[in-house]
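> Chain residues, written in single-letter form:
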Amino acid sequence: MRRKTSLVLLALAVFFAALSPLLRWYAFPRLAKIPANQYQDMVLEAKDATLIDYGSMTAKKVSKVTIVQTLKGNVEASEKIEKTAGKDVVVWDGLSYVVGPDGKMVSKIPERYIFDAHTQDPVHATGEMVDGDPVKRAGIEFKWPFLTEKRDYVYFDAQARTSAPIHYEGTRNFRGLDVYYFEQTIPWTKVPFPKTMPVQGITPQSIARTGTTRWYTTIRKFWVEPLTGAPVYGEELHKEELRGGTLLGGRDKVTVFAGDVKMREDYIRNTVDLVKSNRTLVLLMTSYLPWGFLILGVLLLASSLWLEARGRRPAPATVDEPEPVSA
Amino acid sequence: MYQFLCREVDMRALIAAATGLALAFALVLTLTALGTPTGKTSPKPLLTTVPAHP
Numbered sequence: 001m002r003r004k005t006s007l008v009l010l011a012l013a014v015f016f017a018a019l020s021p022l023l024r025w026y027a028f029p030r031l032a033k034i035p036a037n038q039y040q041d042m043v044l045e046a047k048d049a050t051l052i053d054y055g056s057m058t059a060k061k062v063s064k065v066t067i068v069q070t071l072k073g074n075v076e077a078s079e080k081i082e083k084t085a086g087k088d089v090v091v092w093d094g095l096s097y098v099v100g101p102d103g104k105m106v107s108k109i110p111e112r113y114i115f116d117a118h119t120q121d122p123v124h125a126t127g128e129m130v131d132g133d134p135v136k137r138a139g140i141e142f143k144w145p146f147l148t149e150k151r152d153y154v155y156f157d158a159q160a161r162t163s164a165p166i167h168y169e170g171t172r173n174f175r176g177l178d179v180y181y182f183e184q185t186i187p188w189t190k191v192p193f194p195k196t197m198p199v200q201g202i203t204p205q206s207i208a209r210t211g212t213t214r215w216y217t218t219i220r221k222f223w224v225e226p227l228t229g230a231p232v233y234g235e236e237l238h239k240e241e242l243r244g245g246t247l248l249g250g251r252d253k254v255t256v257f258a259g260d261v262k263m264r265e266d267y268i269r270n271t272v273d274l275v276k277s278n279r280t281l282v283l284l285m286t287s288y289l290p291w292g293f294l295i296l297g298v299l300l301l302a303s304s305l306w307l308e309a310r311g312r313r314p315a316p317a318t319v320d321e322p323e324p325v326s327a
Numbered sequence: 328m329y330q331f332l333c334r335e336v337d338m339r340a341l342i343a344a345a346t347g348l349a350l351a352f353a354l355v356l357t358l359t360a361l362g363t364p365t366g367k368t369s370p371k372p373l374l375t376t377v378p379a380h381p
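Chains as they are written, first to last, in my numbering: chain A, 1 to 327; chain B, 328 to 381.
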């Protein structure tokens, strides 16, 4: 009976000891993925910003400019691409909708971002675009990979339609979370006009005929929770200008927008809460369960060996007492 | 006789260890093969108004 128990304990010890690395290095990379049907929205605000008045073509100070960003996982499109890509793919249809202080639309930029659900590597397929322009992304956008490393990444800039390094600048604490801080500077770059302009009758083609061009620079800052790869906070020091051409009436340049874009407070709280709960799930798969199983395996093995050793110990010899001798 | 018993116990230990290992592989492979459900595309629209709250 003792031997049977020790054998069962041995089987369980091997089971848990093997489960530990299998869970961490085989199951986790295959199970941790961005859900294809994810839907999320984000509100960012630039207070005391500068915004162009297209009526007078002059830059004016405004109380607030709001950016509503939505990302919606397109399951049907991802399943279609998965058939040829041979891997789990996520297709995000996104919209950056900018609203002025009067509640009217300033600009809207749709985009389609296609990427590997596990690694966050971009996947190139028909439909990948920014504002209707086909693009071929390099690097990441919106989110970092699971288990983010302390290194520079390549980040896609939707305005410039190109990718550039985003630098790891150190570890910070953001509302109780240890996060990695990343920063990217996009120097003044000529960028296309949005396809949808806020004034009726003005189109990118009609502006192009005047010779006026659109330029943009930004300092992009992200505070990224490293286990989930999710940014818990973001900021952008964003400037846009119109330069040259006949549209500006002899002026060299006019500011289209300038402001410090920050996440709205209620969205920060919501994001931090969400990331904290997702972080626990990642920790469960990468740390709590693998270490727990390993320790359990060692304990079970020790118990099994102890039982086995006891079973093999020879039984103590019995000493026959001499029978009393009768007189 | 003692040597025979030892060999028998070793074989049984080996079988027990192999069973544990096989079960661990079977469990992990099943879990990863099942994966996670993809679900359906959200019916919610891409926002063109400022939401009051998340």
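What the hints contain is simulated information worked out from the structure, not anything from laboratory work. Even for Gly, the Cβ is constructed at its ideal location relative to N, Cα and C. Hints are not guaranteed to be accurate.
To be verified - To give a feel for the contact side, a few chain A residues facing chain B, derived at Cβ under 8 angstroms:
no.	residue
1	Phe15
2	Leu22
3	Tyr39
4	Val75
5	Asp131
6	Glu265
7	Val282
8	Leu283
Unchecked claim - Once the Cα atoms are required to be at most 20 angstroms apart in a straight line, the calculated EDC-like pairs of lysine to aspartate or glutamate come out as:
no.	chain 1	residue 1	chain 2	residue 2
9	B	Lys367	A	Asp131
10	A	Lys108	A	Glu141
11	A	Lys83	A	Asp133
12	A	Lys47	B	Asp337
13	B	Lys367	A	Glu82
14	A	Lys33	A	Asp102
15	B	Lys371	A	Asp48
16	B	Lys371	A	Glu76
17	A	Lys60	A	Glu79
18	A	Lys221	A	Glu235
19	B	Lys367	A	Glu235
20	A	Lys253	A	Asp102
21	A	Lys276	A	Asp41
22	A	Lys64	A	Glu241
23	A	Lys190	A	Asp93
24	B	Lys371	A	Asp93
25	A	Lys190	A	Asp116
26	B	Lys367	A	Glu79
27	B	Lys367	A	Asp133
28	B	Lys367	A	Glu76
29	A	Lys239	A	Glu149
30	B	Lys367	A	Asp48
> It remains to establish, for every hint, whether it holds in the given structure.
Evaluation of the provided hints:
{"no.": "1", "hint": "Phe15", "result": "holds (4 angstroms)"}
{"no.": "2", "hint": "Leu22", "result": "holds (4 angstroms)"}
{"no.": "3", "hint": "Tyr39", "result": "holds (4 angstroms)"}
{"no.": "4", "hint": "Val75", "result": "holds (5 angstroms)"}
{"no.": "5", "hint": "Asp131", "result": "violated (13 angstroms)"}
{"no.": "6", "hint": "Glu265", "result": "violated (11 angstroms)"}
{"no.": "7", "hint": "Val282", "result": "violated (14 angstroms)"}
{"no.": "8", "hint": "Leu283", "result": "violated (18 angstroms)"}
{"no.": "9", "hint": "B:Lys367 / A:Asp131", "result": "violated (25 angstroms)"}
{"no.": "10", "hint": "A:Lys108 / A:Glu141", "result": "holds (18 angstroms)"}
{"no.": "11", "hint": "A:Lys83 / A:Asp133", "result": "violated (24 angstroms)"}
{"no.": "12", "hint": "A:Lys47 / B:Asp337", "result": "violated (75 angstroms)"}
{"no.": "13", "hint": "B:Lys367 / A:Glu82", "result": "holds (15 angstroms)"}
{"no.": "14", "hint": "A:Lys33 / A:Asp102", "result": "violated (40 angstroms)"}
{"no.": "15", "hint": "B:Lys371 / A:Asp48", "result": "violated (31 angstroms)"}
{"no.": "16", "hint": "B:Lys371 / A:Glu76", "result": "holds (15 angstroms)"}
{"no.": "17", "hint": "A:Lys60 / A:Glu79", "result": "violated (47 angstroms)"}
{"no.": "18", "hint": "A:Lys221 / A:Glu235", "result": "holds (5 angstroms)"}
{"no.": "19", "hint": "B:Lys367 / A:Glu235", "result": "violated (32 angstroms)"}
{"no.": "20", "hint": "A:Lys253 / A:Asp102", "result": "violated (25 angstroms)"}
{"no.": "21", "hint": "A:Lys276 / A:Asp41", "result": "holds (18 angstroms)"}
{"no.": "22", "hint": "A:Lys64 / A:Glu241", "result": "holds (18 angstroms)"}
{"no.": "23", "hint": "A:Lys190 / A:Asp93", "result": "violated (25 angstroms)"}
{"no.": "24", "hint": "B:Lys371 / A:Asp93", "result": "holds (12 angstroms)"}
{"no.": "25", "hint": "A:Lys190 / A:Asp116", "result": "violated (30 angstroms)"}
{"no.": "26", "hint": "B:Lys367 / A:Glu79", "result": "holds (11 angstroms)"}
{"no.": "27", "hint": "B:Lys367 / A:Asp133", "result": "violated (27 angstroms)"}
{"no.": "28", "hint": "B:Lys367 / A:Glu76", "result": "holds (8 angstroms)"}
{"no.": "29", "hint": "A:Lys239 / A:Glu149", "result": "violated (30 angstroms)"}
{"no.": "30", "hint": "B:Lys367 / A:Asp48", "result": "violated (40 angstroms)"}
Of the numbered hints given earlier, the model fails hints 5, 6, 7, 8, 9, 11, 12, 14, 15, 17, 19, 20, 23, 25, 27, 29, 30; all others are met.
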